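Those protein sequence lines, which keep their order, are chains A and B. FYI, in our numbering the residues of the first sequence are 29 to 531. FYI, in our numbering the residues of the second sequence are 29 to 531.
Keep in mind the hints are simulated off the structure, nothing from the lab. Predicted model, so just to flag it, every value in this text is computed and none were measured. Heads up, the beta-carbon is just placed ideally off N, CA and C, and yes, glycines get one too. Keep in mind that the hints are not guaranteed to be accurate.
Claimed, not checked - Covered stretches of chain A, going by a simulated chain B footprint (3 or more residues, C-beta under 8 Å):
| id | region |
| --- | --- |
| 1 | 146–160 |
| 2 | 365–377 |
Claimed, not checked - Straight-line alpha carbon distances no greater than 30 Å define the calculated DSSO-like cross-link-like pairs of lysine-lysine that follow:
| id | chain 1 | residue 1 | chain 2 | residue 2 |
| --- | --- | --- | --- | --- |
| 3 | A | LYS187 | B | LYS357 |
| 4 | B | LYS42 | B | LYS187 |
| 5 | A | LYS343 | A | LYS277 |
| 6 | B | LYS277 | B | LYS42 |
| 7 | A | LYS430 | A | LYS102 |
| 8 | B | LYS277 | A | LYS238 |
| 9 | A | LYS238 | A | LYS102 |
| 10 | B | LYS187 | A | LYS277 |
| 11 | A | LYS343 | A | LYS102 |
| 12 | B | LYS343 | B | LYS426 |
| 13 | B | LYS102 | B | LYS343 |
| 14 | A | LYS277 | B | LYS238 |
Unchecked claim - Chain A is faced by these chain B residues, among others (derived, beta-carbon under 10 Å):
| id | residue |
| --- | --- |
| 15 | MET44 |
| 16 | ARG348 |
| 17 | VAL399 |
| 18 | THR447 |
Protein chains: 2
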Amino acid sequence: MHPERIRLARLRDKVMSAEAAATLIHDGMTVGMSGFTRAGDCKALPFALADRARTHPFQITLMTGASLGHDADKVLSDAGVTARRMPFQVDASLRQRINRGEVMFLDQHLSETVEMLRNRQLPPVDVAVIEATCITEDGAIVPTTSVGNSASFAILARKVIVEVNLSMPLELEGLHDIYIPTYRPHRQPIPLVGVDQRIGTTAIPIDPDKIAAIVFTDQPDSPSTILPPDAETAAIADHLNDFLMREVKAQRLAPSLQPLQAGIGSIANAVLHGLIDSPFEDLRMYSEVLQDSSIDLLDSGRMTFASASSMTLSKACYERVVHHIERYKSRLVLRPQEISNHPEVVRRLGLITINTALECDLYGNVNSTHVNGTHMMNGIGGSGDFARNAHMSVFVTKSLAKGGDISSIVPMVTHVDHTEHDVDVLVTEHGLADLRGLAPRERARVVIDQCVDPLYRDLLNDYFRDACRRGGHTPHLLEAAFAWHTRYRETGSMREHEGVLAD
Amino acid sequence: MHPERIRLARLRDKVMSAEAAATLIHDGMTVGMSGFTRAGDCKALPFALADRARTHPFQITLMTGASLGHDADKVLSDAGVTARRMPFQVDASLRQRINRGEVMFLDQHLSETVEMLRNRQLPPVDVAVIEATCITEDGAIVPTTSVGNSASFAILARKVIVEVNLSMPLELEGLHDIYIPTYRPHRQPIPLVGVDQRIGTTAIPIDPDKIAAIVFTDQPDSPSTILPPDAETAAIADHLNDFLMREVKAQRLAPSLQPLQAGIGSIANAVLHGLIDSPFEDLRMYSEVLQDSSIDLLDSGRMTFASASSMTLSKACYERVVHHIERYKSRLVLRPQEISNHPEVVRRLGLITINTALECDLYGNVNSTHVNGTHMMNGIGGSGDFARNAHMSVFVTKSLAKGGDISSIVPMVTHVDHTEHDVDVLVTEHGLADLRGLAPRERARVVIDQCVDPLYRDLLNDYFRDACRRGGHTPHLLEAAFAWHTRYRETGSMREHEGVLAD
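For reference, chain A alone in the conformation it holds in the complex (with noise of 0.2 Å):
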């Protein structure tokens, strides 16, 4: 059965049922399953757990990549399976447990999970679960659409379930580079030096005899859900590009500029597309996500290569990019998100890295997860591994959220991801902050006349003034800084409602 899909024959009698392999799971193991922004997660294990569950109720910690598909992780938290979970999800049932504190979760930088795996400082993987194109004559395993953490889940696993998804063609097999850094105390440097370098093995290289299950599934991924742009990412993505035009025009860039990190979501979507009108030329992409943006980049010429360690696409993309790959093989790799994300190789190629914020403060600081400073939204994500070693780190972020009752631009950021230390340009619809070289008070300046919203200049002004008066490096008026937050909390809106003094 499926013989070019297990060629290792004596593979083909683990062949069972997604039922019958979830039994190999048990309560309080820690499983890692393949699966990075939605591409290449398992189609079947996770639901197989969850149904034992509602009879048999048993809890496990779960990691994977990054957030799933196929509401996997709404299934598994409803059905109590999930007790701890890293290192980032993006799901509204899961989000709840989260908040409420029902489920710990571990809000991890992508590139450090699986380094913490291997030095014993997570629990060890009892089990992976990973989804492969196929299986090859040496029981090595071809990831599909996402590498994420599964080669060092697969490699540190006990035991390992591979779903083979016969969705995925056969063609996918040499798309993928697997590199797994060597053990300390003899590391050796990461050789990658180029955006298209291929390091490693096109398969994740593992003992055969740990090939416990194989479930065939047959589902494509879900698509992406990423919102076409508007006229505020519009704005954005035509500030970045005036600003990088002028950075080639000072000769502090080439027209190729460095290769581009863009994090997953519409306005970093939306920039991306600007860039296809864009003069630059042979850009190059060095990711953890390829969105559809980065496909019409390279279908359009404009970009030439593109690293990351997944594809999530839009249905039409997926069936254009998946379904087709030889015509994008020679242009594109897959690598483990320790290896796409890491400070190494990010610091060496010199990324220009965007990514979004949720709220940014006055001096540069970026708050990437928690709303109103308590409540989790998705995770840092990769953000941090690339922000702080990059040759320019640029958030982006609409200046208003709710109708306007909320500033992105706040006096004090409730939560922080980024330190100004690692955020050089800071970009709303209104206009761009370059924030290099510049000290606190100046970074301030800026992000006031470039960044904030009309709506809250004058109260944003009135905070910066009334907390220089007061003093210190980076001014603030402590009992006031989260005013504009309670005041949300209390009334609906950060703003101050004149209204109340006219009644």
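With chain A held as given, fit chain B onto it using these hints.
Coordinates of chain B only, in the frame set by chain A:
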């Protein structure tokens, strides 16, 4: 005159007074000076510049490795010379000007300054002023007790002033290892794979024609001002030692641990001193500064090699080491701070990093720099370079300050230098919080139980309980998050004054 100090004969006619050399520096210039935590700083030019400014005012941007000795930062800022300063300082007078907004200070990750210079994201260095042991026959500069940013300053500057310090023994030559990363896009891996490896040259290679002046000096470095261990710092050292022994027993660490980094200061110094009587062996250090404790560890045989960017020693230790450097040269190397602190190398080697927190919150976020969230102390220094990329990132602090009126463990830090992701272990004199693998609510429980002083434990428990009731992944009460700080500002103590009720 001193031909052994200027081996390239044609440079000997560049010898002049500091006063004459100072005329090469004009208003508005950017000047890159040697000096890292008081070591290897320029002994003459800062004072000649200040003298001139008293009659002919002018201003410069001053870049260094880190802090300067001999009150140079005080003298320069009091004379109005310092308009902008980066990347680090430790001076009461300059600090006051920074906090009044009179001097623009760029607080930077110490590995990043020269990267930004090289990429022209900071204004170019007009003149470099570098303390030297000697100038070689090729015109290369042999540094003294620090390398810091000297190599890149000298290579990138248009003109170089060399201060040849006759008090530095010629035997310092060979102590340094100068390696500069190659330019992008052709940058290669930094080939360093071991603490004791040499990958560069023993002197800073520059075009000798750029050497515009040579000034002789003969003053030693300012001695360090580290306080001896006290009961609290000894307790912190004991907690950390016990923890490391447990890690060795659990086979998560070898008896030689991992290469150690320790920040400058009394607590880190005490922690290193504590290792002298430990059971660990063949310890190695990969740090930015060597203090007395590092030398004592070498002398004890407990440590076999130490790599850093500078040596900041007490008077007695300085004389023991600098004037008998041959005894130590096979066990010591000084590197550019870009290499001693480089994320690539820090992560590759897998350091155990020990840095000091000014305050830490419930969830393990650390403030290293800003008193009450506003007033700069010294700067983030290398702590961000190390903590982010460490094998294990340890932060240490006494639980109280100001005789108990300040708790170093607070509900929310008023400034974030290190996010919870980058803090694995927190130690106070009361105990050690092992935060690895814990979610925020779990981290809070351990921090309260292990680290906070009993004076503040109930108050912090109350805050955490009430915050959890309101919910969130990282529970907080924004309206009360800084109540302790505002109470301190108003009453002189973070404690609730029960006396008020009793009156």
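Status of each hint after checking the structure:
Only residues whose C-beta sits within less than 8 Å of a C-beta in chain B count toward coverage, and the region 146–160 of chain A has 5 of them, enough to reach three; the restraint holds. Using a Cβ-Cβ cut-off of 8 Å, 6 residues of the region 365–377 of chain A lie near chain B, which meets the minimum of three, so the contact claim holds. A threshold of 30 Å between alpha carbons decides the hint, and for LYS187/A with LYS357/B the separation of about 50 Å lies outside it, so the pair is violated. Our distance criterion of 30 Å between C-alpha atoms is met by LYS42/B and LYS187/B, whose separation comes to about 12 Å.
At most 30 Å may separate the alpha-carbon atoms for a hinted pair to count; LYS343/A and LYS277/A exceed this at roughly 39 Å. Restraint check for LYS277/B and LYS42/B: not satisfied, since their Cα atoms lie roughly 60 Å apart, outside the 30 Å limit. For the hint pairing LYS430/A with LYS102/A, the CA-to-CA distance comes to about 25 Å; that is within 30 Å, so the pair holds. With a C-alpha separation of about 29 Å, the suggested pairing of LYS277/B with LYS238/A holds against the 30 Å cut-off.
Distance check on the hinted pair: LYS238/A and LYS102/A sit about 29 Å apart at the alpha-carbon level, within 30 Å; holds. For a cut-off of 30 Å, the pair hint linking LYS187/B to LYS277/A stands: about 27 Å separates their Cα positions. Only pairs whose Cα atoms come within 30 Å are accepted, and LYS343/A paired with LYS102/A is accepted, the gap being roughly 21 Å. Using a Cα cut-off of 30 Å, the hinted pair LYS343/B and LYS426/B holds, with the two alpha carbons roughly 27 Å apart.
Under the criterion of a C-alpha separation no larger than 30 Å, the hint pairing LYS102/B with LYS343/B is consistent with the structure, at around 21 Å. Of the pairs offered as hints, the one joining LYS277/A and LYS238/B holds, with about 29 Å between alpha carbons and a cut-off of 30 Å not exceeded. Hint on MET44/B is violated. Least Cβ distance to chain A is approximately 32 Å, over the 10 Å limit. For ARG348/B, the shortest C-beta to C-beta distance to chain A is roughly 30 Å, which exceeds 10 Å, and the interface hint is violated.
The interface hint given for VAL399/B holds, since its Cβ lies 8 Å from the closest Cβ of chain A, which is under the 10 Å cut-off. A least Cβ separation of about 6 Å between THR447/B and chain A falls short of the 10 Å threshold, and the interface hint therefore holds.
The structure fails hints 3, 5, 6, 15, 16 (numbered hints given earlier, in ascending order).
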